[in-house]
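Peer 1: Protein chains in written order, with the numbering used here: chain H, 1 to 319; chain S, 1 to 319; chain A, 1 to 319; chain G, 1 to 319.
Errors might be hidden in some of the hints.
No copy labels: a pair is met if it fits in one copy or bridges any two.
To be verified - No farther apart than 25 angstroms at their CA atoms in a straight line, the calculated lysine-lysine pairs in the DSS-like style are these:
#1 Lys-61 / Lys-111
#2 Lys-296 / Lys-111
#3 Lys-296 / Lys-126
#4 Lys-20 / Lys-303
#5 Lys-134 / Lys-303
#6 Lys-295 / Lys-169
#7 Lys-168 / Lys-61
#8 Lys-134 / Lys-296
#9 Lys-295 / Lys-111
#10 Lys-138 / Lys-295
#11 Lys-20 / Lys-317
#12 Lys-296 / Lys-317
#13 Lys-168 / Lys-111
#14 Lys-138 / Lys-20
#15 Lys-169 / Lys-317
#16 Lys-168 / Lys-138
#17 Lys-126 / Lys-295
#18 Lys-303 / Lys-138
#19 Lys-138 / Lys-126
#20 Lys-303 / Lys-126
#21 Lys-169 / Lys-134
#22 Lys-134 / Lys-295
#23 Lys-296 / Lys-138
Hints were generated in silico from the structure; no laboratory data involved.
There are 4 protein chains.
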Amino acid sequence: MTEICYDVAHLGHVEIFTDKYDESLDFFVNVYGLTLSGEDENSAYLRAWDDYEYHTLKLTKHHTTGVGHIAYRVASPEALERRVAVIEASEYEVLGWVDGDDGHGRAFRFKDPFNHIFELYWDTVKYQAPEAEKPALKNVAQRYHGRGCCPRRLDHLNLLSADITEFKKFMITCLGSRVTEEIQLDNGRIGGSWFTVNNKTYDLACTEEHAGGEGRFHHITYATDTREDILKAADIFLENGVHIETGPHKHAIQGTFFLYVWEPAGNRVELANSGARLILQPDWETVVWTETDRKKGQAWGLKTIETFHTHGTPPVKNH
Amino acid sequence: MTEICYDVAHLGHVEIFTDKYDESLDFFVNVYGLTLSGEDENSAYLRAWDDYEYHTLKLTKHHTTGVGHIAYRVASPEALERRVAVIEASEYEVLGWVDGDDGHGRAFRFKDPFNHIFELYWDTVKYQAPEAEKPALKNVAQRYHGRGCCPRRLDHLNLLSADITEFKKFMITCLGSRVTEEIQLDNGRIGGSWFTVNNKTYDLACTEEHAGGEGRFHHITYATDTREDILKAADIFLENGVHIETGPHKHAIQGTFFLYVWEPAGNRVELANSGARLILQPDWETVVWTETDRKKGQAWGLKTIETFHTHGTPPVKNH
Amino acid sequence: MTEICYDVAHLGHVEIFTDKYDESLDFFVNVYGLTLSGEDENSAYLRAWDDYEYHTLKLTKHHTTGVGHIAYRVASPEALERRVAVIEASEYEVLGWVDGDDGHGRAFRFKDPFNHIFELYWDTVKYQAPEAEKPALKNVAQRYHGRGCCPRRLDHLNLLSADITEFKKFMITCLGSRVTEEIQLDNGRIGGSWFTVNNKTYDLACTEEHAGGEGRFHHITYATDTREDILKAADIFLENGVHIETGPHKHAIQGTFFLYVWEPAGNRVELANSGARLILQPDWETVVWTETDRKKGQAWGLKTIETFHTHGTPPVKNH
Amino acid sequence: MTEICYDVAHLGHVEIFTDKYDESLDFFVNVYGLTLSGEDENSAYLRAWDDYEYHTLKLTKHHTTGVGHIAYRVASPEALERRVAVIEASEYEVLGWVDGDDGHGRAFRFKDPFNHIFELYWDTVKYQAPEAEKPALKNVAQRYHGRGCCPRRLDHLNLLSADITEFKKFMITCLGSRVTEEIQLDNGRIGGSWFTVNNKTYDLACTEEHAGGEGRFHHITYATDTREDILKAADIFLENGVHIETGPHKHAIQGTFFLYVWEPAGNRVELANSGARLILQPDWETVVWTETDRKKGQAWGLKTIETFHTHGTPPVKNH
């Protein structure tokens, strides 16, 4: 445990591409229950009711689906400098500084070896609730509006890559992430790793790409306050004709209560609840799951659904 | 936000005095639902099912009640050295190194200005679940045993002191704590402050002593995974003749869902759930509650019960 | 237990008066989460998402507040005839047949000794969900819309009367109700009785009028599927500026988890959950609560709030 | 809706055979969370904490598994006479009066065409809580003990038979049951029917026997107060090595939230929660599910697990 791993404060936002912008936007606002902070020509900026920044989801019109970029907020201006120096000195592709989106200031961009774009930023735009959204209690960002599934905050995302060991090196070097849990396959490869930069159990997971694609996206997840919220959400998804892929159930890995659906353009979206679980332990040792462990299914025995291993965005041709 | 505030990893354990040891121990094991790791001549060492250390509660036979000492675990051996240097250079009373209890290695002790004993330690004893307590899932410390209220982990404690401004200075200097929320009284005094050293919303609160006592204790709290756990706990307390002081309800401050009871010796004990709320924001600004805010009662309007302002342990004579 | 008590199937609907019709209607639709089936010149017809009839709440413009009439649906046309014969032979005031509202056919009206109007009916209008409200599952009346507090079905109402013993005689004679629980005061009077015509624990309660009013109303209640729904509702009420009178908490009597608010015109409205509790026992004996019992407060010790004993609608002058 | 259907008050108890008596009894008491009322040479008498009778489950030592007999309590002594007259006049095999078990008085026994034994009784033994089990609130049968999954009351059972149409005739004739929901297969057969004698959505289900057995048993179910209870139960089953067959999930049919496990001898046992759903409607029309409906899986899309169609008790040879 060195100071370096504390330079990055938290996952800030994720940009998702959609080729059905209107339907996707309607889904995220009215069914999933995010709030629209603003829109520009190509993108909508969305957030959950207790996210403190202008946006945690940037939804962008595109010819296809998948992930645009992944942004982490650092712990201080100095931490940003330290991180940039480390990344510039590393083997990873640097894209350099960008001006920042509607929701934040300048950001430093770089790529993982599998073509996902990451960025780090400090300057941000804090959400200023308009009158109608002002909360009754001053310690939350926005009133609890109760619209749709109404998750509380951004939780994590899941990427796909061809080599988790390589991806892991990237995350540790560039973000100072800790690996809280991972899958060790019998063939010696790592099947998936779960990363965190803070006390959350994970803010990013990466699992093996089985379809030959590159730079692909598995899912994005917002956190609910309770598991009951997720059971209610299942009814809301059902009633709104949303494809429920799997869940609600409890993951063995990380113990998260989960529900996965596909938003109208096909990107996988999760709602999750971790209960009171946190990784407070400074010398946490990575929990390693074997193939034998995995054959037991999810925590309560649910078999992992086939599409969970194959469906990513954008879709891969000939798969 | 400087590195220094990250030296301390988390609240480690709290020592509680009881003058009804057998009854208190029975309460904590069979009603509250902690697990006994071990016992020595004067103390029982207890933990919640997902606490990773040997103990998070040391229950000690004593001629009175209240708090023995408060222990935080640091982030690394180097962090311990840094913290000790800071504390030794401070105005606060140093008690020096102690050998450590059954559950951890040597610890550095010091006092706040109101006579509460704190300690910092790095070397710890991680809980090794005996066969009967081994969990089905390898990422939790112990099986979910389901006995009593069965909270998941230690959450926080609440002390009383005559001058919160002084206490706050102590917490910031010695532990590098952040103040996430506080009460600003009309008379210019601070009525209470909520502190954290990590992403939890608070790990220690200090509220004003109104009874003239010194070094007194308000309550200790363990976290449950859900609010429903707390509703069930209310029935369990009711059926076991435990004095329910107030709740279940939701605090305005911190938004915590709470339930307060008195263990057999009179120490106040809470169960709490914060939902998915975390303080991930590195530049979090202290939320300040005024007396006007406080007059609205708890989040949903419950008036704060009188004993909540007066009852602390040990009891103060002539009050 | 005789067949006669089975003539009446269930509480059908309640008519509530409001002198703030627009605000009350907005509350019931957008905050409380009922669905508007239709409106005529003076009234709105509302129902919860799984109520099978056209309406369970008739909200009527009026110069004051309180209850208009209370309607029970009978078990069959023959049961209606039997009930009418019994009532006509009784001492109670008969108002005779009315044509029926928008939501049902002809109804037989009569009065309790305290000036509340009751009616019995068989012919009803079953809710036909328009396309946008059709459920995904064919065994519920309407899709789970998730708007506002979104209770599932009408549960019960509470009236006030000066003499519960007299009121009880009326309910047993006219509706064949069973008394499942009641309060026996030290002065020999009955403080309140809880009635049911079916396996629900109660569909109507009557408690003592302490303000000298007549024909007054205490509250109407809809049932939620879970207690968590009620905790969420508390946040929804809070955020919408609704006066939360008391709760969430658990009643000692009937064990119901409750939350009481006042709708904009001042009528008291409850959300409640009884868990899996039903009165299936054919020879159930009335549970009698004494004043000593009552002094313990609600199930988990909450003291009953003063307005709960005094606030009824319409308001009584000089009280 | 005629009076006749009200003669039978509720499902009273079910006798289950086990060839691993000690293990089964340990499961039902310590894991599932029933309370042992008493034991005789061959059987244990068990009940949930709010069941008002001496027992709702009779667990009997046997050379195999499956169901011994199914008992319903009638609404009155007169109702028992009426029912006996109807059954004696019917085509069904009468076994006649038996003396009654430890938990009730004389009972009238008869058989369905598929060799399941039913009985009706009026005289019963109400549970008298011993001192240690007396509840804090006088309207429940026993204190909420919190041991194991701790369901509240017996809910229903599920039998298998070769011809559901025949079985249905039996249930309507002998018990006056209503059919609340059923499955209509494309081949013209009924795949399953759900019955009730009161306002519960069902107290007995019968689904098609696909393994050629006779008189077989599918599962018995107890009701929990909340869905969260069932999520907790899943962890309790997991930690105790109990085979979780499927769930937690929500049934499309009846909308019940469910979890199925196998007790040590192989009998299937469910925990279920119906929320606030009741069948209060006197003219309820059977909800009919087609094969097309069924192909959508359970409410949120879970595919029905293969063993659910094949596993019944006792096991059928050569299957």
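Peer 1: None of the hints should be skipped; say for each whether it holds.
Peer 2: Okay, the hints, checked on the actual structure:
For the homomeric pair Lys-61 and Lys-111, the shortest alpha-carbon distance inside one copy (21 angstroms) is at most 25 angstroms, but the shortest distance between copies (59 angstroms) is not. Within a single copy, Lys-296 and Lys-111 get their C-alpha atoms no closer than 35 angstroms, and across copies no closer than 42 angstroms, so neither meets the 25 angstroms cut-off. For the identical chains of this complex, Lys-296 and Lys-126 are neighbours neither inside a copy (44 angstroms) nor across copies (27 angstroms), given an alpha-carbon limit of 25 angstroms. When the C-alpha separation of Lys-20 and Lys-303 is checked against a cutoff of 25 angstroms, the pair qualifies neither within a copy, at 31 angstroms, nor between copies, at 29 angstroms.
Taking the closest pair of Cα atoms, Lys-134 and Lys-303 come within 25 angstroms of each other only across two copies (23 angstroms); inside a single copy the shortest separation is 43 angstroms, beyond that limit. Taking identical chains as interchangeable, the C-alpha atoms of Lys-295 and Lys-169 are never at most 25 angstroms apart, the minima being 27 angstroms within one chain and 45 angstroms between chains. For the homomeric pair Lys-168 and Lys-61, neither the shortest alpha-carbon distance inside one copy (30 angstroms) nor that between copies (49 angstroms) is at most 25 angstroms. For a Cα distance limit of 25 angstroms, the shortest separation of Lys-134 from Lys-296 across copies, 17 angstroms, qualifies, whereas the shortest one inside one copy, 46 angstroms, does not.
For the identical chains of this complex, Lys-295 and Lys-111 are neighbours neither inside a copy (34 angstroms) nor across copies (44 angstroms), given an alpha-carbon limit of 25 angstroms. Taking the shortest Cα distances, Lys-138 and Lys-295 sit within 25 angstroms of each other only across copies (14 angstroms), while inside one copy they are farther apart (47 angstroms). For the identical chains of this complex, Lys-20 and Lys-317 are intra-copy neighbours only, at 19 angstroms inside a copy versus 55 angstroms across copies, given an alpha-carbon limit of 25 angstroms. In this homomeric assembly, Lys-296 and Lys-317 never come within 25 angstroms of each other (Cα to Cα): the closest approach is 32 angstroms inside a single copy and 28 angstroms across copies.
Only within a single protomer do Lys-168 and Lys-111 lie at most 25 angstroms apart by alpha-carbon distance; the minimum there is 13 angstroms, versus 43 angstroms between protomers. In this homomeric assembly, Lys-138 and Lys-20 never come within 25 angstroms of each other (Cα to Cα): the closest approach is 37 angstroms inside a single copy and 30 angstroms across copies. Taking the closest pair of Cα atoms, Lys-169 and Lys-317 never come within 25 angstroms of each other, the shortest separation being 29 angstroms inside a single copy and 56 angstroms across copies. Taking identical chains as interchangeable, the C-alpha atoms of Lys-168 and Lys-138 lie at most 25 angstroms apart only when they sit on different chains, with a minimum of 21 angstroms there against 39 angstroms within one chain.
In this assembly of identical chains, Lys-126 and Lys-295 lie within 25 angstroms of each other by CA distance neither inside one copy nor across copies; the values are 44 angstroms within and 29 angstroms between. When the C-alpha separation of Lys-303 and Lys-138 is checked against a cutoff of 25 angstroms, the pair qualifies only between copies, where the shortest distance is 18 angstroms, while the shortest distance within a copy is 43 angstroms. Within a single copy, Lys-138 and Lys-126 get their C-alpha atoms as close as 14 angstroms, which meets the 25 angstroms cut-off; across copies the closest is 39 angstroms, which misses it. For a Cα distance limit of 25 angstroms, the shortest separation of Lys-303 from Lys-126 qualifies neither inside one copy, at 41 angstroms, nor across copies, at 33 angstroms.
In this assembly of identical chains, the alpha carbons of Lys-169 and Lys-134 never lie at most 25 angstroms apart, being 42 angstroms within a copy and 32 angstroms across copies at closest. Within a single copy, Lys-134 and Lys-295 get their C-alpha atoms only as close as 48 angstroms, which misses the 25 angstroms cut-off; across copies the closest is 19 angstroms, which meets it. In this homomeric assembly, Lys-296 and Lys-138 come within 25 angstroms of each other (Cα to Cα) only across copies, at 13 angstroms, whereas the closest approach inside a single copy is 45 angstroms.
The structure does not agree with the numbered hints 2, 3, 4, 6, 7, 9, 12, 14, 15, 17, 20, 21 stated previously, though it agrees with the rest.
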